[in-house]
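Given chain A, put chain B in place with the hints provided.
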Amino acid sequence: GAGVSQSPSNKVTEKGKDVELRCDPISGHTALYWYRQRLGQGLEFLIYFQGNSAPDKSGLPSDRFSAERTGESVSTLTIQRTQQEDSAVYLCASRTGQAETQYFGPGTRLLVL
Amino acid sequence: DQQVKQNSPSLSVQEGRISILNCDYTNSMFDYFLWYKKYPAEGPTFLISISSIKDKNEDGRFTVFLNKSAKHLSLHIVPSQPGDSAVYFCASSFRDDKIIFGKGTRLHILP
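For the protein sequence lines, the chains are A and B, in the order given. Heads up, the first sequence is in our numbering, so the first residue is 1 and it goes up one at a time. Heads up, the second sequence is in our numbering, so the first residue is 114 and it goes up one at a time.
Just chain A, same shape as in the assembly (with noise of 0.2 Å):
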């Protein structure tokens, strides 16, 4: 399909280790987020790119976390040296620069033991 891709669906990793997630947008789009979601929580803002902008990092928790965003196109969300509060579902969405519409992806559970 043509929507927002995410991997991997399930992580499962130990505490102190690095993990990487990717997403996917859908074609065109030049907005991307990435939100966490914590078990019973709600919708937790991480980071946003908008086209060619500094992306906006203010939902970062810690300085252990990071993303990048190649033009347009793949994101990646990185989390370093792993502690048992990170785990949550990451999800990843995606717009157009017109349109306030966001399409998710159907997230990624990450799981530090």
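Source of the hints: derived by calculation from the structure; they are not laboratory data. There may be inaccurate statements among the hints.
With a straight-line cut-off of 20 Å between C-alpha atoms, the simulated EDC-like cross-links for lysine to aspartate or glutamate are [claimed, not checked]: (1) B:118 x B:168; (2) B:211 x A:44; (3) A:57 x A:72; (4) B:211 x A:14; (5) A:11 x B:155; (6) B:118 x A:44; (7) B:211 x A:68; (8) B:211 x A:24; (9) B:211 x A:56.
A short list of chain A residues far from chain B (calculated; beta carbon distances all over 12 Å) [to be verified]: (10) 8; (11) 11; (12) 13; (13) 22; (14) 28; (15) 62; (16) 74; (17) 78; (18) 81; (19) 101.
For clarity, every value in this text was computed on a predicted model and none was experimentally measured. For every residue, glycine included, the Cβ atom is placed at its ideal position computed from N, Cα and C.
Only chain B this time, still in chain A's reference frame:
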């Protein structure tokens, strides 16, 4: 500081009746409002939106009402159906800025 608040974590409604989900926001600069629906193990899907220049938008069984003076919006679902059982997220944005989500309300449609 929560800019978008959904104060009811859950709501139960009889099938066939009206479901009303509420949302409050604090930032008067927000000019676009959205509702998303989320099933377990899936990403949220867009449901309906409203611009700040309107006070009502309707799409089939779903209607969103916006009260700018009260900084309040609501989603009405009528009649409620079993497939409407899901978590509903309210979201707000200003122009091309990031979209801020509420914590969600879990809707249970009772048979």
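Now for the hints, and whether the structure bears them out:
1. B:118 x B:168: holds, 19 Å
2. B:211 x A:44: holds, 12 Å
3. A:57 x A:72: Given pair residue 57 (chain A), residue 72 (chain A) holds - Cα atoms ~17 Å apart, limit 20 Å.
4. B:211 x A:14: violated, 32 Å
5. A:11 x B:155: holds, 16 Å
6. B:118 x A:44: At roughly 13 Å apart (the allowed maximum being 20 Å), residue 44 (chain A) and residue 118 (chain B) satisfy the hint.
7. B:211 x A:68: holds, 17 Å
8. B:211 x A:24: holds, 19 Å
9. B:211 x A:56: With a Cα-Cα distance of about 8 Å, the restraint between residue 211 (chain B) and residue 56 (chain A) holds, given a limit of 20 Å.
10. 8: Given that every Cβ of chain B is farther than 12 Å from that of residue 8 (chain A), nearest at about 14 Å, it holds.
11. 11: holds, 15 Å
12. 13: Since the minimum Cβ distance to chain B is about 20 Å, residue 13 (chain A) lies beyond 12 Å and the statement holds.
13. 22: Since the minimum Cβ distance to chain B is about 15 Å, residue 22 (chain A) lies beyond 12 Å and the statement holds.
14. 28: The assertion about residue 28 (chain A) holds, with a minimum of 16 Å to chain B.
15. 62: Given a closest Cβ separation of 19 Å, the condition holds.
16. 74: holds, 17 Å
17. 78: holds, 20 Å
18. 81: Nearest chain B Cβ is 26 Å from residue 81 (chain A), so the label holds.
19. 101: violated, 5 Å
Of the hints listed earlier, those the structure fails to meet are numbers 4 and 19, in rising order.
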